[in-house]
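Please work from the sequences and hints to get the whole structure.
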Amino acid sequence: MRLLLIEDDVALGEGILQALTREGYTVDWVHDGQDALHSLLSETFDLAVLDLGLPRLDGLEVLRRLRDSGSTLPVLVLTARDATEDRIAGLDAGADDYLVKPFDLAELKARLRALLRRSAGRASPLIEHAGITLDPVSQQVCWGGQPVALTPKEYQLLYELLSPPGRVMTRERLTQLLYGWGDEAESNTLEVHIYNLRKKFSTDLIRTIRGVGYRMEKTS
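Residues 1 to 220 in full-length UniProt numbering are what the sequence shown spells out, letter by letter.
Treat each hint with caution, since some may be false.
Claimed, not checked - The calculated lysine to aspartate or glutamate pairs, modelled on DMTMM-like cross-linking and capped at a C-alpha distance of 25 angstroms, are:
1. K101 / D86
2. K109 / D97
3. K109 / E43
4. K109 / D96
5. K109 / D8
6. K101 / E14
7. K101 / D32
8. K109 / D92
9. K101 / D35
10. K109 / D86
11. K101 / D9
12. K153 / E23
13. K200 / E23
14. K153 / E172
15. K218 / E128
16. K153 / D204
Claimed, not checked - Listed next, with one range per pair, are the computed distances between beta-carbon atoms:
17. A80 / G131: 45 to 51 angstroms
18. T84 / R56: 26 to 32 angstroms
19. P164 / I88: 31 to 37 angstroms
20. T44 / E191: 16 to 22 angstroms
21. D92 / R118: 16 to 22 angstroms
22. K101 / T189: 35 to 41 angstroms
No lab work stands behind these hints, which were simulated from the structure alone.
Glycine residues also receive a C-beta, built at the ideal position from the N, C-alpha and C atoms.
Below, the structure is given as structure tokens:
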């Protein structure tokens, strides 16, 4: 679950970064509109949190250009602009949700979970597949009704492979989603995480697509 945070307020950005990192997100942070647009168009993210009052390029313009590029990336607008016309402008420019500052971090987390759920085409917050139950709210995972202890990266990887199952995920994309700009991944790190997930669940659950990446099998 890789998120791009676009916020020029350093104190607020640091608070959001810490809170969402503890929640299990891989968070990359940019401080202005130009860097935001470049990152959004050149890298892979699951969603973006976008402030509107940005230096160099206004947040609304970032959003318009992102949508003009054809991107359907979920975007939550986070801003102090609380007038009705501002909210309408943000939604019309392509925002998926709108949260006005000041806000509660618990509400931000809930809205992000809802955006991820909708983008994956799920109505229920629980992800259930082939005996696995994953709860994004509590971050608890069960296998055959029994709790399974996962490391944060194992949890993130399982979430990505289950959203939705059957989709082929390239090695490069999974590495991008698991590791942000501040983390360096060893050359075999992804394979180690895949190996550990197979040990904890089933060796037949995650299929290697040779030369491409991995896929969560649709049935157990």
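Results of checking the hints against the structure:
1. For the hint pairing K101 with D86, the CA-to-CA distance comes to about 13 angstroms; that is within 25 angstroms, so the pair holds.
2. For the hint pairing K109 with D97, the CA-to-CA distance comes to about 12 angstroms; that is within 25 angstroms, so the pair holds.
3. Taking the CA atoms of K109 and E43, the gap is near 23 angstroms; set against the 25 angstroms cutoff, the hint holds.
4. Proposed proximity of K109 and D96 is supported: the alpha carbons are some 15 angstroms apart, at most 25 angstroms.
5. The hinted pair formed by K109 and D8 meets the criterion: a straight-line CA distance of about 20 angstroms does not exceed 25 angstroms.
6. Distance check on the hinted pair: K101 and E14 sit about 15 angstroms apart at the alpha-carbon level, within 25 angstroms; holds.
7. In summary, the hint linking K101 to D32 is supported, as the alpha carbons are separated by about 18 angstroms, within the 25 angstroms threshold.
8. Taking the CA atoms of K109 and D92, the gap is near 23 angstroms; set against the 25 angstroms cutoff, the hint holds.
9. For the given pair, K101 sits about 22 angstroms from D35 by alpha-carbon distance, which is consistent with the 25 angstroms threshold.
10. Restraint check: the Cα-Cα separation between K109 and D86 comes to about 22 angstroms, which is no more than 25 angstroms; the hinted pair holds.
11. Restraint check: the Cα-Cα separation between K101 and D9 comes to about 12 angstroms, which is no more than 25 angstroms; the hinted pair holds.
12. Of the pairs offered as hints, the one joining K153 and E23 holds, with about 12 angstroms between alpha carbons and a cut-off of 25 angstroms not exceeded.
13. For the proposed pair K200 and E23, the alpha carbon gap of about 22 angstroms is at most 25 angstroms, so the pair holds.
14. For the hint linking K153 to E172, the alpha-carbon distance of about 15 angstroms falls within 25 angstroms, and the restraint holds.
15. Distance check on the hinted pair: K218 and E128 sit about 11 angstroms apart at the alpha-carbon level, within 25 angstroms; holds.
16. Between the alpha carbons of K153 and D204 the distance comes to roughly 20 angstroms, so the proposed pair stays at or under 25 angstroms and holds.
17. The beta-carbon spacing between A80 and G131, approximately 46 angstroms, falls within the hinted interval of 45 to 51 angstroms.
18. About 27 angstroms separates the C-beta atoms of T84 and R56, a value consistent with the hinted range of 26 to 32 angstroms.
19. About 32 angstroms separates the C-beta atoms of P164 and I88, a value consistent with the hinted range of 31 to 37 angstroms.
20. Look at T44 against E191: about 19 angstroms separates their beta carbons, and that is inside 16 to 22 angstroms.
21. Distance hint check for D92 and R118: the Cβ-Cβ separation is about 19 angstroms, which falls inside the suggested range of 16 to 22 angstroms.
22. Range check, K101 to T189: about 37 angstroms between beta-carbon atoms, so the 35 to 41 angstroms window is met.
In summary, this structure violates none of the numbered hints.
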